[in-house]
Amino acid sequence: MDFTTEDVQHLADLSKLYITEEELEKYRDDICDILNHIDVLRDVDIEGDFEFSDTHTNIASDDVPDNKSDEETRTTFLGYAPEHGDEYIEAISPMKD
Amino acid sequence: MENIKSIKDLHDDLVAKKISLKELADFYLSRIDKMETDVNSFIYTRSRDDIYEEIKEKENQIGDSFLYGIPAGVKDIIVTKGIKSTGGSRILDNYTPPYNATVIDKLERVGYLLFGKNNCDEFAMGSSNENSAYGVCKNPISLDRVPGGSSGGSAAAVSAGFVQYSLGTDTGGSVRTPASFCGVVGFKPSYGRVSRYGLMAMGSSLDQIGVLANSVDDARTVFDEIQGVDRKDATTRSFENKYLGRDSVKGVRIGVPKDYFQEGLDGDVKAVILKAIETLQDMGADIVDIEIPSFKYVLPVYYVIMFAEVSSNMSRYDGIRYGLSLRDDVRNIEDLYKKTRTEYLGNEVKRRIMLGSYVLSKGYFDEYYGKAQKARFAIKNDFKKAFEKVDFIVGPTTPTPAFKIGEKSDDPLQMYLTDIYTVSANLVGAPAISVPAGFVERDGDRLPVGFQMMANIGEDYNLLDASSILHKNLSF
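Protein sequence lines correspond, in order, to chains A and B. Residue numbers for the first sequence follow this note's numbering, beginning at 1 and rising by one. Residue numbers for the second sequence follow this note's numbering, beginning at 1001 and rising by one.
With the rest of the complex left out, here is chain B (with noise of 0.2 angstroms):
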């Protein structure tokens, strides 16, 4: 692990008078300034006099909120008030929104700084970060190489070191994914903690709200922040988890399923991973076999419940209320939709609907989404019975580490197998975490790989104590 600051760090320096807020946000805009325009992380960036006036208010009052003035990225999906958000798509270009996210408000109410808005897949509709209107996310350990999606900008710009840590969202291993391709930590929390008001919705029963930073300690500081039940999310309730305050794995129970290390998974990235297995036997955890036995239905599960949600959720960009509108010579309201839709909507954005059309449709509802439903039932039920003999599951994030910019672009099906590992959190609700493990070798470059701990749902703060426990005891 490299020396980077944490947040609780740079808070300390910035009330001590070691460093001022505008030496800290220096260093940040100076990377920016170097890498930005090669990586493509950010589809809106603050321009430096915005960001200079901001310092100058906040200046005099550092407070003691940890976050104050510590340079932010957010996920473009996620919208900001008289800040364009575009959610990574063409139709949304010309919005900006009349009113902030709860998880904005939050961090505002306590100082964050932003410094941008990250680039996405389109409304995260992606593994890669290729599916955005705004340009490949590159990534910035191997620029011929995807970030990973959908929330690639954001790891990138933590990887980057453009901020100093990025709020994602992850519908199937959107946050966890891109952390694992770009080396830093992608937290998820459980379905529920953290308020999805004023995230454009994906797949909403799935969708979470999650944070890319350097550390698992600086993950938990944010998330602290922004969590919460809120009002206006009706999905948001208290956990009653108790929580165990951890400081060893000592006598903690580990649990690793074998069906996350057969076929499809690279040699190299698997030798990582039982490594990090081996590093959490050697500090006195159990290591337990365990078996889903549904996890061959994981992935179908999950695209068919997904494809479902978005076609319903991509109706309302129609051309009628906001966002783009391509009305010239059109014959009716029928055809002013599909126009539209046709004109400013992306190919993966368009596929996902006619698969979520047809999954919906009549005469194959009962067999697609019907059984998706009752299979997601087993699932969660594989996961309970899983959690009582142990505390965590992992495994790998990704099956393979980066892959090369358009590599598997031309065929989905391929992209949609790098969420193999991912997306059990997310039917399930539970929280999950990547970490960086160590690194494999392909072509010259030197590839992060990313290590997944998965808790029961609530379990979140146990999980951030385990995770964050492995992580500093990991060498490489």
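Here chain A stands alone, though its shape is the one from the complex (with noise of 0.2 angstroms):
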């Protein structure tokens, strides 16, 4: 399988990855080693209905909410984020550059 040095890039941006120029070919190696070994899986022809989801039955539950004010959730819920004001978490804008 040609894979090339650009596309090892191409993915990494899609991945949201910087990767190193050093890092390049032996992530271009890898990754054609495991697509090659996966590749018989393009030959793959199988025929008929598929049920993806056989065995399980996804029903959705009801939200329901703890016993904690909403309140203490939402300083518990912001306490995580590396940087946050009193009511919201804070990123950075997309359109800064």
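If you are wondering where the hints come from, they were derived from the structure by calculation, not from laboratory data. Be careful, since some hints might not be right.
[Stated by the list, open to error] Here are a few chain B residues that sit away from chain A, every Cβ distance over 10 angstroms (derived from the structure): (1) MET1035; (2) GLU1053; (3) ASN1060; (4) LYS1408.
[To be verified] With beta-carbon atoms standing in for the labels, derived distance ranges: (5) A:GLY79 to B:ARG1109: 22 to 28 angstroms; (6) A:ASN36 to B:VAL1229: 40 to 46 angstroms; (7) A:ASP7 to B:GLY1370: 16 to 22 angstroms; (8) B:SER1204 to A:ASP7: 24 to 30 angstroms; (9) B:ASP1049 to A:ASP7: 50 to 56 angstroms; (10) B:ARG1316 to A:ASN36: 27 to 33 angstroms; (11) B:ALA1016 to A:GLU71: 47 to 53 angstroms; (12) B:ARG1316 to A:GLU21: 27 to 33 angstroms; (13) B:GLY1245 to A:GLY79: 49 to 55 angstroms; (14) B:GLN1061 to A:GLU71: 34 to 40 angstroms; (15) A:GLY79 to B:GLN1061: 32 to 38 angstroms; (16) B:ILE1004 to A:GLU21: 49 to 55 angstroms.
Note that beta-carbon positions come from the ideal geometry of N, C-alpha and C, so glycine has one too.
Put the two chains together into one complex; each comes in its own frame, and the hints tell you how they fit.
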């Protein structure tokens, strides 16, 4: 399978990762090896109907609020954010550059 | 088999006051003091004072639960309220969860005694425990070898006698492989038996919480307490399978797939496995040759589906809501995501995210992911048909015994091949167990070999019965 360092760069971009120049070739070789191994799948020819979730009946459960107050939940939740204000999580503007 | 007390025996001793909770804890703590620095099976170890304090509270009320006060480990990928849970990743180095996983709530209700959080491959991605951000965990049987992964710390801690049992998780063999390498029992229940709520997701359609223990009976004692339908995990369900309560394997049909004994299987491992099959036969089981026509697709299908699920599940680590965040000199939000993930995620995780992005990308989706879903269905069908003819399917857990640290860490494909016999159970959603079946000699080391038994979906208890009978009758 042909896989170039540019392809790896593109995948890294889709994956929200930076890859250094030194890492590129190693990633390319590893990914090529693995893709060659899974390549047999492209020849799979299976006829028939498929039910992809044959055994599970997923029933959405009702969201039942626990006994904590909204305030407490909000404080806990916000406390985990790397940066936050009183009522919001701080990110960075997508427009900034 | 060495003479290690079972959980139930320890419980009886506690009730009869032959031993106190503190004496029991001290026995394991002294082993941790002696060997943990070498083994590195814990990412977080509770302090002696902390444990003693809990014992003081527990001492006067030894209840009827077998697990009460019995020292336990939990793989660090399962969240524990108020106790740091990293999943083996640097990106969660500052994460102390505000909630318990359902399995932890259940164990707390019966008075379990947590000793610490066990080392594992980052977000359970690995077969050797070399991908942990908190250092390689070593195999206590031979310290220059891997304990297997990804629940390596759990298996090593049980094997070294640091805890009586530990919870692990199994996406493609991550409970059974380390059990095999460390010479302990590793049980992966049917998908949907044990709630995944509070388990950091890796491959959501494959992940299942399991048990590492010294014996099948201990694994069952723990499984009894953690299993069950949970409103917080919609994939849990009840199983209506008939429990047969077998006390012998006489007449039990044992399926042996010839594909499990082809190229790639170590000759000495093969000999141990064939001997275990002979033991089953000697006890009156019927040995049946079976075929799994889709076996050649098992590993590729597993990897495509797992990569896809990984790339989606890992997107939550973005440096915005929780976990570490790299914000110095970031230009925009895209840069923040990328810098954070690049800095705090390990190479194997990155590789899998990229491979997942690839198999899900436009133009390749049908060729890889679509085909893999179809082939997964064909594999399920093959096993369904096989289980019409046999009660259990058996073979090696891993193609080789524990390998040396560093031996495969540079070659991901070789590492992936470790999972060849274990992934089927995850693709099918069936229960499977690895029990120690013997040893092989390697460079002067006597290394354990695991024997795998798999049963049809929902046959967990019948599998535990049969494997317990076998385990007790194996002599080596």
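The hints, checked one at a time:
1. MET1035: holds, 34 angstroms
2. GLU1053: holds, 25 angstroms
3. ASN1060: holds, 29 angstroms
4. LYS1408: holds, 12 angstroms
5. A:GLY79 to B:ARG1109: 22 to 28 angstroms: holds, 27 angstroms
6. A:ASN36 to B:VAL1229: 40 to 46 angstroms: holds, 42 angstroms
7. A:ASP7 to B:GLY1370: 16 to 22 angstroms: Roughly 21 angstroms apart at Cβ, these two residues keep to the hinted range, so it holds.
8. B:SER1204 to A:ASP7: 24 to 30 angstroms: holds, 27 angstroms
9. B:ASP1049 to A:ASP7: 50 to 56 angstroms: Hint holds: Cβ distance 54 angstroms, inside 50 to 56 angstroms.
10. B:ARG1316 to A:ASN36: 27 to 33 angstroms: With a Cβ separation near 31 angstroms, ARG1316 of chain B and ASN36 of chain A satisfy 27 to 33 angstroms, so the hint holds.
11. B:ALA1016 to A:GLU71: 47 to 53 angstroms: holds, 50 angstroms
12. B:ARG1316 to A:GLU21: 27 to 33 angstroms: Check passed, 29 angstroms falls within 27 to 33 angstroms.
13. B:GLY1245 to A:GLY79: 49 to 55 angstroms: holds, 50 angstroms
14. B:GLN1061 to A:GLU71: 34 to 40 angstroms: holds, 35 angstroms
15. A:GLY79 to B:GLN1061: 32 to 38 angstroms: holds, 34 angstroms
16. B:ILE1004 to A:GLU21: 49 to 55 angstroms: About 53 angstroms separates the Cβ atoms of ILE1004 of chain B and GLU21 of chain A, which means 49 to 55 angstroms holds.
In summary, the structure agrees with every hint in the numbered list given earlier.
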